[in-house]
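> Spelled out, the chains give:
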Amino acid sequence: MLAYLIAGVFFILALRGLSSPASSRRGNRFGMVGMLIAVVTTLVTHDIANLPEIGVAMLIGGAIGFIIARRIAMTAMPELVAGFHSLVGLAAVLVGWAAYLNPAAFGLLTATGISPISKIEMGLGIAIGAITFSGSVIAFAKLSGRMSGSPILLPARHVINLGTLAAIIVLTALFAMATGPDATLPYIAALTVLAFIIGFLLIIPIGGADMPVVVSMLNSYSGWAAAAMGFTLGNTAMIITGALVGSSGAILSYIMCRAMNRSFISVIAGGFGADDSGGGSGEAKEQRPYKQGSAADAAFMLEQAEKVIIIPGYGMAVAQAQHALREMADMLEEKGVEVKYAIHPVAGRMPGHMNVLLAEAQVPYENVFELEDINSEFAQADVAFIIGANDVVNPAAKTDKSSPIYGMPVFDVGNAKQVFFIKRSMGGVGYAGVDNDVFYMDQTMMLLSDAKKMVEEIVKALD
Amino acid sequence: MLAYLIAGVFFILALRGLSSPASSRRGNRFGMVGMLIAVVTTLVTHDIANLPEIGVAMLIGGAIGFIIARRIAMTAMPELVAGFHSLVGLAAVLVGWAAYLNPAAFGLLTATGISPISKIEMGLGIAIGAITFSGSVIAFAKLSGRMSGSPILLPARHVINLGTLAAIIVLTALFAMATGPDATLPYIAALTVLAFIIGFLLIIPIGGADMPVVVSMLNSYSGWAAAAMGFTLGNTAMIITGALVGSSGAILSYIMCRAMNRSFISVIAGGFGADDSGGGSGEAKEQRPYKQGSAADAAFMLEQAEKVIIIPGYGMAVAQAQHALREMADMLEEKGVEVKYAIHPVAGRMPGHMNVLLAEAQVPYENVFELEDINSEFAQADVAFIIGANDVVNPAAKTDKSSPIYGMPVFDVGNAKQVFFIKRSMGGVGYAGVDNDVFYMDQTMMLLSDAKKMVEEIVKALD
Amino acid sequence: MRIAILKERATGENRVAATPETVKKFGALGADVAVEAGAGTGAAITDEAYRDAGAELGSADAVVREADIVLGVQAPDPALLQGAKPGAWVAATFDPFGERDRVDAYAQAGLEALSMEFMPRITRAQSMDVLSSQSNLAGYKAVIASADTYGRAFPMMMTAAGTVSAAKVFVMGVGVAGLQAIATAKRLGAQVSATDVRSATKEQIQSLGAKPVFVEEVEGIEGEGSGGYATEMSAEYQKAQAELVSAHIAKQDIVITTALIPGRAAPRLISDAQIATMREGSVIYDLAVAQGGNVEGSKPDEAVEKHGVKIIGFGNTAGHLAADASALFSRNLFNFLNAFWDEEQHKPVLDEEIGDAVRLTKGGKVVNERLHDTA
Amino acid sequence: MRIAILKERATGENRVAATPETVKKFGALGADVAVEAGAGTGAAITDEAYRDAGAELGSADAVVREADIVLGVQAPDPALLQGAKPGAWVAATFDPFGERDRVDAYAQAGLEALSMEFMPRITRAQSMDVLSSQSNLAGYKAVIASADTYGRAFPMMMTAAGTVSAAKVFVMGVGVAGLQAIATAKRLGAQVSATDVRSATKEQIQSLGAKPVFVEEVEGIEGEGSGGYATEMSAEYQKAQAELVSAHIAKQDIVITTALIPGRAAPRLISDAQIATMREGSVIYDLAVAQGGNVEGSKPDEAVEKHGVKIIGFGNTAGHLAADASALFSRNLFNFLNAFWDEEQHKPVLDEEIGDAVRLTKGGKVVNERLHDTA
Amino acid sequence: MDFISILSIFVLACFVGYYVVWSVTPALHTPLMAVTNAISSVIIVGGLIAAAEAGSDVAKWLGLAAVVLASVNIFGGFAVTERMLAMYKKKDK
Amino acid sequence: MDFISILSIFVLACFVGYYVVWSVTPALHTPLMAVTNAISSVIIVGGLIAAAEAGSDVAKWLGLAAVVLASVNIFGGFAVTERMLAMYKKKDK
Ligand SMILES: NC(=O)c1ccc[n+]([C@@H]2O[C@H](COP(=O)([O-])OP(=O)(O)OC[C@H]3O[C@@H](n4cnc5c(N)ncnc54)[C@H](OP(=O)(O)O)[C@@H]3O)[C@@H](O)[C@H]2O)c1
Ligand SMILES: NC(=O)c1ccc[n+]([C@@H]2O[C@H](COP(=O)([O-])OP(=O)(O)OC[C@H]3O[C@@H](n4cnc5c(N)ncnc54)[C@H](OP(=O)(O)O)[C@@H]3O)[C@@H](O)[C@H]2O)c1
Ligand SMILES: NC(=O)c1ccc[n+]([C@@H]2O[C@H](COP(=O)([O-])OP(=O)(O)OC[C@H]3O[C@@H](n4cnc5c(N)ncnc54)[C@H](O)[C@@H]3O)[C@@H](O)[C@H]2O)c1
Ligand SMILES: NC(=O)c1ccc[n+]([C@@H]2O[C@H](COP(=O)([O-])OP(=O)(O)OC[C@H]3O[C@@H](n4cnc5c(N)ncnc54)[C@H](O)[C@@H]3O)[C@@H](O)[C@H]2O)c1
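Residue numbers (the numbering used here), protein chains in the order written: chain D, 1 to 463; chain B, 464 to 926; chain Y, 927 to 1301; chain W, 1302 to 1676; chain X, 1677 to 1769; chain U, 1770 to 1862.
The set of hints was computed from the structure by calculation and includes no laboratory data. Take the hints with a grain of salt, since some may be wrong.
[To be verified] Here are the simulated SDA-like pairs of lysine to any residue, each with C-alpha atoms no more than 20 Å apart in a straight line: (1) D:398 x Y:1265; (2) Y:933 x Y:970; (3) W:1326 x W:1350; (4) D:335 x B:878; (5) D:453 x B:923; (6) W:1503 x B:894; (7) Y:951 x D:372; (8) B:923 x D:462.
[Said to hold, decoys possible] Calculated from the model, a selection of chain W residues having no Cβ within reach of chain D, i.e. all distances over 10 Å: (9) 1352; (10) 1460; (11) 1464; (12) 1566; (13) 1603; (14) 1665.
Cβ atoms here follow ideal geometry from the backbone N, Cα and C, with glycine treated the same way.
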């Protein structure tokens, strides 16, 4: 059907739109149009039969989906996506079963019942769908805090997992070779159940830090499930879309792993990788949660900002990041962003330390402000960009009488809409050697890297 | 045929390999394997009939191709590619005719002769092939200097072109609708002839500067021709490859136009765009030819180099490019390239001008050399990177007694394997106000831009 | 609440303990400020400027009469302060170890001497720390003065008449003054290296783009050292350091020494024999000269020439940038009193941590622990 | 071929016309070099160093006797040169317009005076151009000396004790010296602006990161000016320039003037009234002081204080960096003689373009065109 | 459709998916996940077929259930993406 | 093969071509052209069929001619690409 191809093309265009924020919303619209075409085509080619029931079903589903999407807090996004995946997985299982039960409707009925190849496709679709479902449920539970985020490790889980997978494959083969409802039903039923189970088993051992990767991976699975059903039904739209979602999800997980320095293999394989878990947000001192970002995130937000205040500290000096910083500021200014430098009286290790370095990088004196002159401006700033400073932004200086820095005036970076904090590690502390609440604020994104390297990457990403 | 799909995939992998120099040769090998698969599959599925003739044909063609490829000078690359395109175009025409004459062989024979849709595909294939052929022949002639590179503008050419195109379309339609050899032959013959003619007409008015874009566009055409034949033959390999080559060629022309600041539309439309021609290498002072490069070219060559000598001059100071330059040098050093700075005693406008700026950018003194100490090293340098200097590299100081700078010692940049020369325009001169032979040397590539901008782009491209 | 500011009487002392800016700020707190006529001359501040800021101008006697607080850069002779209220505070630098007699005299006069040098090195006291603010300027000035004395240029210059090579500057002791000296010399284009005994300074040196040169064989002081202070080093360390310096110093054109050990004579870092290895025309600036000097043969406020090397050093280097030095010094004093200002009592009330640290005398007695230790 | 180098006799002149490096190079050309004992002292060069380089040392008389060429920084009194060969060359700076009498005396003595200041500003003569090499150092030194005189710091420093704001430096006249002054002041962290009459300097100022401040209403000299030289400006221009300066100068802390017009008195750029608008403690350095000064009231080698502003300027600023200045000056002289060295005659033979430009006297007469014009 | 065609389509779509993702800016990875999630509910097509065809009541109800689930996803997915993208809207300059 | 499948394959291949080119580094644009030129001689498949089948002698000879032309291209194209790429070989470090 040409229409299905067109739907597929629209889906491709939808993803393509996301290559830049400017075209992203148009991309989303393309996705909607594609879906509309697919749905309408299907209805039309099937004589718009059973429209009332179908209409009601879509209305119910649509209303629920719409309301959830509206109500949900932005912060609950990851679990929402995980939850949605589970639905796709379950739908795939249901469609698979429907096809199994009513092969004629799908044009699968040959003289000898359903052809083995169709049965393999069907079995795979159901299995992948079931894995997607149960895996997503676990991911949802972990992300929404309904289940502990820490990995749950069964003993001998490697053996169990491998065994279950093998069993699924064997069952699929038996299912394909068997003929007649009586012979096939037990196989497909067992296969479905086992697939649900393996989905649980694969995700349960994965820790909270890896969940985003898992969600993306499950996304990929849901694509493969759709593609498998597409093969069964010979439906171009489903094949294209399934392959698209499947491969893009896989690559996305890979990209995410790379950004987090995690092994892709271990995450795909789910529970198998739990041994070398940890990393990421799991290792904060005292386990306080923080958000880690990348140069691309920072570049993106900086570009969007109207006003950025840069707070350099000793770390900038150590990294000798002043030239890169100046370049970053220049690029932002070219894009119409207002950039100011806020210099704390004791930033660095000698009086005027920051001034020396900024002057070396030819930062104009007009853009350099003292604490008293700029502190009130954080409330209007979109981004506070902290580069290698620490003590001078530590709110403990105001609130915690026992802190060694109590009484020192500090920058009120908490008033800025977004805070980026460049330092090399969560472990490192400033001169005063104390922890800093700014790391853990909602609007703070930690950029953990050498300051010069990070700023250079941001400069590249800004292009 | 699965094998054809596999061949297609290999071709995709071949192009993908070119995303980095490291994988590029593997990519080329993939291409060869793909072609081997396609050829072998075809032979096998056609019972290896007529093998002797086919073998001889391939041997002759292969030998010619191989020898040409070995013998040709690297500088003649563009015309070689154009020449090759013409062959693909002609081959497409021949295959189209063969299919027309022996439809049964291609499985095109239905009860009522060849189906109209097949005939449309066939007609298109022949037409595009013919255009590719004659267009490539012209491009080849222009590039190899067998024909003047300047645009040849026929009067009323817009009308002629449009008329011919319309005639081709009409003929294709008539061809599709007619039945029987007697009815169809005149149409297809006329169509072929007209297509050859329009190919000439389209390319003749295009000036030499635009030829690279034209070659890429013809490449794209040859892809579309192959794809059209693939449609006729229902051959997956040809469709995938044709579409791949067609779309990639088109995008490549687009990218090239963008890099040259030319309108894509005007070039695709061939002769239609000749009005706003010129630009590029055509406008050198006194019409001496020079090569212009991009930041990407420079980045690529710098990265490959073992030893780079940077020669800064007054232009670097004007552009305040010293920080970006330092960053570029740092990146090169990280990649294992040896970078030195060569400071001419009178570079800039005051004694020690360059020293001030390089010190500001924290270039270590150990990397900064005086004329006498470094001049002999140019012979070992892979790249001499001249940034905003001019008089201090002008060989006229040694050779031309009438030059105002005669007698001044200058850098022997001519000894370096490759010279990059950053300045804003070919028109601008240095302090002494004289032209510089270095611009026009074979190994010189002019990077015409503000020095800071250019270096920043190189830094980005180096990543 | 009356605050008195006298003209400094020490020779070569151009600074002043209050500027019109701080006079105004004290006024805003509710204090009356009296300034001796001509007190600001050395720092390019006119009497009118003080008057405009709300100060009362007069003779020393008139100014001190009934004063609650006397501010000084260097503590005035207690004889001058007879008119002040009994138990009046005198906030200034006292050089308590070097001028112990003066401290005793303050005790006898019944004055409360607050020694600004004893300000503890804690974060909240940074804005009151005159040692930091003055050393900072001294570090800068030392380089400028050396550059002016040196018969060559600091930066590298490649010119038509040949190349002037960059001066090699070596900074010994990388505290506040040393760091600023590094920064200033770097700015001028010199090739800078530096050394210290505290290991944390290595990174700090690099953070200014200079090259650390450290004793490797014997361990120095780990990290920042307690309170950022160095201590006397072991004989073994000193030997290793001397070797290091001997190897390095012959290649240097400018040496700036800033090494101090609180409460003791400055460590001797450079011997006459080492000086003899330096090139003719080199310059050594001894910032520790007032504390006995890091360099053999250096004399305060005198340019000594030995083996063709000029050795200079002022007893009071920051005082040679009198305008800025006074501005920072007086802000330190204001920050100090302001931090402890009690709104209700209309006067400052010190806390223990800082008060006990800086207070030398009270109720006729020397009360400071550090003085008891050494006395 | 005998080349003689005398100790400079002018007061405050520490430079010397040859260094061991150039002595060695002359030796390599086949010349004998004789150096007066003690000639290098001011530039930190010992007699041994000369001897090691192959020079003969002796008294002035002994050195000059039978010399073919005498090199000097400032031309020696012809009375000193009686022992030299008749028609011997004397290459040095002559200040031909200012010291016309001396030129005539050279003519009478039958010597060939080669004035290095008259070196034409052509590309191949750049390496022989003592004006450039010495102005360059002078520009540097002017800033260093000003920084040492100024009672504040140049760079901005934001410290716990408050902010020290950056000094504002204004450079007037952007030739070689002015550019180097801009560069040096920028390095020290000052906020630098500069002005000139030649429009090409605008971009040059920016190329060092400083801000050009130019007369806009009246057109100045286009481009580089002929040979890079300025001329006397129209009255209209001068008026516009004075207004610009009046508006700008009151906000400046340091002013460095370098404006010269060849063969004339230096233009007067700053009046006493304008000085009065400057802040107390400001510093003006007049590099043109020897040519009459750009600043009203400036005196060579004297620090004048007016309206609280210090005005300084040495007659011979480069001489205060004697070691580097001597090195460059002597290389200029060597490059000059070397460029014209004739292998066969074993002596230098000048060409017309440069020879006629620098030659003041020959065969008992004053032969230089520029001197005829003004005489 | 023959298997080879289907497979060709599948393979090519995988390539497209691969490339498309690499060209997405990292900052939009979360919306990307949401969009791909939404479009993966193209599985609704299968549900619709099952629901529309006669032949097996169980299959029909299963199909309807699949339609409900997929609809939640379609509407929820696109709506949530729209919301996310609205946050990235470029400020007016 | 039905037309829709062919078209689907064609469209998807166009997308792949589009993306593939954008990911090629600009410095390799000339080799890219050479490679695409070489692989576009997949048209040889058509020539081979014509040459291999009986039925029309003219068609056979046309086919053989096409094979010769395409072979020039195949061998010449790949060989020349190989030569070009050899220039870009990363030095050993
Ligand atoms: N200004 C003065 O005169 C002076 C004198 C003495 C003491 N102090 C004290 O020094 C402190 C100054 O505060 P500050 O905020 O400037 O510095 P800070 O509190 O010492 O913090 C420096 C931060 O930079 C990070 N860092 C170090 N190297 C880095 C690199 N290469 N790349 C990225 N990050 C790097 C460190 O974390 P990681 O290790 O995790 O990277 C640390 O968080 C104050 O406590 C002040 O009292 C100042
Ligand atoms: N060092 C001294 O003391 C001194 C003093 C006086 C004169 N000079 C003379 O100055 C010359 C110095 O030679 P040089 O090689 O340094 O400089 P130059 O010969 O003057 O050449 C400068 C080059 O920089 C280019 N340029 C200017 N602005 C640029 C920008 N923003 N971005 C990119 N390119 C830019 C110019 O070409 P476009 O305009 O096309 O960009 C020009 O080709 C010599 O002739 C020397 O004799 C030197
Ligand atoms: N509130 C605060 O946090 C605060 C306030 C002021 C200073 N400080 C810190 O205290 C440290 C020292 O400051 P300072 O300038 O007052 O120090 P200082 O004047 O006491 O000593 C100067 C330097 O000399 C060094 N030194 C001593 N003996 C030496 C030897 N034998 N060889 C080489 N070097 C030797 C010291 O280590 C010190 O770095 C600095 O790191 C400074 O940042 C902190
Ligand atoms: N061979 C060469 O190419 C060569 C050699 C030496 C100098 N130069 C060039 O010659 C130029 C001048 O060099 P210089 O330093 O010897 O010049 P200078 O010493 O003669 O004059 C100093 C500066 O003062 C300026 N000036 C004169 N009158 C002024 C006024 N009324 N107001 C403001 N400024 C005024 C002049 O324009 C000049 O820039 C420079 O651009 C230099 O680069 C070129």
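> So which hints don't hold here, by number, going up?
Failing hints, ascending: 4, 10, 11.
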